[in-house]
Amino acid sequence: MLNIYNSYTNKKEKFKPVTEGKVAIYSCGPTVYSYAQIGNFSSFLMADLLVRYFKYNGFEVKWVQNITDVGHLVDDSDDGEDKMEKASKEENKTPIEIARFYEEAFLKDSRLLNITVADKYPRATEHIPEMIEIIEDLKAKDIAYETGDGLYFDVTKYKDYGKLSGNTLESLNSGARVEVNSEKRNPQDFALWKKTVGSNANHIMKWDSPWGEGFPGWHLECSAMSRKYLGDTLDFHTGGEDNKFPHHECEIAQSESFTGKKFANYWLHKSHILLNSEKMAKSTGNFFTVSDLIEKGYSKEAIRFTFITTHYRSKLNFTFDALKQSQTQLDRINDFIQLILEAKTDENSNTKPLLSVIKSSKQQFDKALDDDLNVSSAMAALYGFIKSIKKQINKNGITEEGKTEVLNFLKNIDKILAVFNFEKREEKKFSPEEEAKIKKLQEDRIRFRNEKNFAEADKIRDILSKMGVKINDSKI
Numbered sequence: 005m006l007n008i009y010n011s012y013t014n015k016k017e018k019f020k021p022v023t024e025g026k027v028a029i030y031s032c033g034p035t036v037y038s039y040a041q042i043g044n045f046s047s048f049l050m051a052d053l054l055v056r057y058f059k060y061n062g063f064e065v066k067w068v069q070n071i072t073d074v075g076h077l078v079d080d081s082d083d084g085e086d087k088m089e090k091a092s093k094e095e096n097k098t099p100i101e102i103a104r105f106y107e108e109a110f111l112k113d114s115r116l117l118n119i120t121v122a123d124k125y126p127r128a129t130e131h132i133p134e135m136i137e138i139i140e141d142l143k144a145k146d147i148a149y150e151t152g153d154g155l156y157f158d159v160t161k162y163k164d165y166g167k168l169s170g171n172t173l174e175s176l177n178s179g180a181r182v183e184v185n186s187e188k189r190n191p192q193d194f195a196l197w198k199k200t201v202g203s204n205a206n207h208i209m210k211w212d213s214p215w216g217e218g219f220p221g222w223h224l225e226c227s228a229m230s231r232k233y234l235g236d237t238l239d240f241h242t243g244g245e246d247n248k249f250p251h252h253e254c255e256i257a258q259s260e261s262f263t264g265k266k267f268a269n270y271w272l273h274k275s276h277i278l279l280n281s282e283k284m285a286k287s288t289g290n291f292f293t294v295s296d297l298i299e300k301g302y303s304k305e306a307i308r309f310t311f312i313t314t315h316y317r318s319k320l321n322f323t324f325d326a327l328k329q330s331q332t333q334l335d336r337i338n339d340f341i342q343l344i345l346e347a348k349t350d351e352n353s354n355t356k357p358l359l360s361v362i363k364s365s366k367q368q369f370d371k372a373l374d375d376d377l378n379v380s381s382a383m384a385a386l387y388g389f390i391k392s393i394k395k396q397i398n399k400n401g402i403t404e405e406g407k408t409e410v411l412n413f414l415k416n417i418d419k420i421l422a423v424f425n426f427e428k429r430e431e432k433k434f435s436p437e438e439e440a441k442i443k444k445l446q447e448d449r450i451r452f453r454n455e456k457n458f459a460e461a462d463k464i465r466d467i468l469s470k471m472g473v474k475i476n477d478s479k480i
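For the sequence shown, our numbering assigns the number 5 to the initial residue and increments by one for each residue that follows.
No lab work stands behind these hints: they were computed from the structure.
As the structure is a computational prediction, the values presented were derived from the model and not from experiment.
Note that CB positions come from ideal geometry on N, CA and C, so glycine has one too.
Errors might be hidden in some of the hints.
[What the hints assert, rightly or not] Simulated pairs of lysine-lysine, DSSO-like, Cα-Cα distance not exceeding 27 Å: (1) Lys-348 with Lys-394; (2) Lys-20 with Lys-167; (3) Lys-26 with Lys-15; (4) Lys-304 with Lys-319; (5) Lys-26 with Lys-266; (6) Lys-112 with Lys-232; (7) Lys-167 with Lys-145; (8) Lys-395 with Lys-407; (9) Lys-463 with Lys-391; (10) Lys-143 with Lys-163; (11) Lys-419 with Lys-363.
[To be verified] Computed beta-carbon distance windows for the label pairs: (12) Lys-366 with Gly-170: 51 to 61 Å; (13) Phe-324 with Ser-287: 14 to 24 Å; (14) Phe-426 with Ile-467: 21 to 31 Å; (15) Asn-61 with Ser-287: 33 to 43 Å; (16) Asn-412 with Lys-265: 23 to 33 Å; (17) Glu-140 with Asn-61: 38 to 48 Å; (18) Glu-95 with Asn-412: 45 to 55 Å.
Just need the whole structure built from these sequences, with the hints factored in.
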């Protein structure tokens, strides 16, 4: 069973579901005002890994990932402008046109990275009544209050405010995504609803409410949508490290004040992705999109593999070398799969040692994932498996049953990794000139290997692999 690091308690805990055999997961999705960058996708891939882990272990999983298409304000330097409306002005399109275009781009990139399709992608703009219901309840309890420009949550009415992020009310200033307002009871109070008055008088996206026309606060959206589709208490809530405060902190306060129940039992936060040793962020222009990397010639599998093999609580300093290393590792695993697919069978072979390797490798792989989704350790188990299987086949040969069991093991773990290629390669035909070049490269590679210059040998191996030449250093 999974032992997971809970960001709320800052310690590893044994997972206990709200409902036996089922898992409810809510993930903060994109704000669809531009293309999601790979730092965003690293968080989405973490959530995908969690979803795949539970499905792999036989749980019934319900995963909801929201689409923020209104109410996400930029920082104070932009006077709290809605990101959607800011983008609509820059691109001369309506906010809804902006939202639907970038939503589809997000879903396309998610498919490219083989991210599991969520059970629901709720849009904030389609859940305004659910948000108003929460505000009305909180106002009746005097937890929410009205000002001239909106409705705010009184953070002093929720005693555990700041527990997730470690911030205290005394140390907090007004949230960066909320305009300072002299009518607020406390500078830390956050917006539940913004009226279309003052600086928001020309806000395009607006709805009727008991308090006049306006639009919802960003934090409220997730509380309303998660409750509608997953109930009062989630098993997991996931997001990026940046979401911890103020977004997730505010979600907890308003949700628990509304329902009187614990909002989420476990919180997972993805550490930052760094580029040039600085946090990857759209606001600074320090980022890449998935399409950027694809256009540079990197495979979608290498991109996915790079992110899932870096532990989600570890910062990753993104480099192109890391992508190249991931591709090399994947090529070697896929080459091994091809060796198994093409291996000649010997039905007199003793299959028991091979089955023993599969059993022990599965135990090691599963144990690694059970320990806080440690994919890196799980991969070490896989590499050990490949080495042992090659050794067993070279010693004992392999039966048809053995081939099936090896491939089934790999297919099973690929339900989590989702990066392997099980298609049998067709024999490639080469011209005489290409044959001569290949022969020379193979001779150079053998020489480098004999000289133990493995770096140069690996470079040639990669060149040959890209040419479609099968490399087989094993007897099988």
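(request) Find the hints from earlier in the document that the structure breaks and name them by number, from lowest to highest. (result) Checked against the structure, the hints that fail are numbers 12 and 16, while the rest are satisfied.
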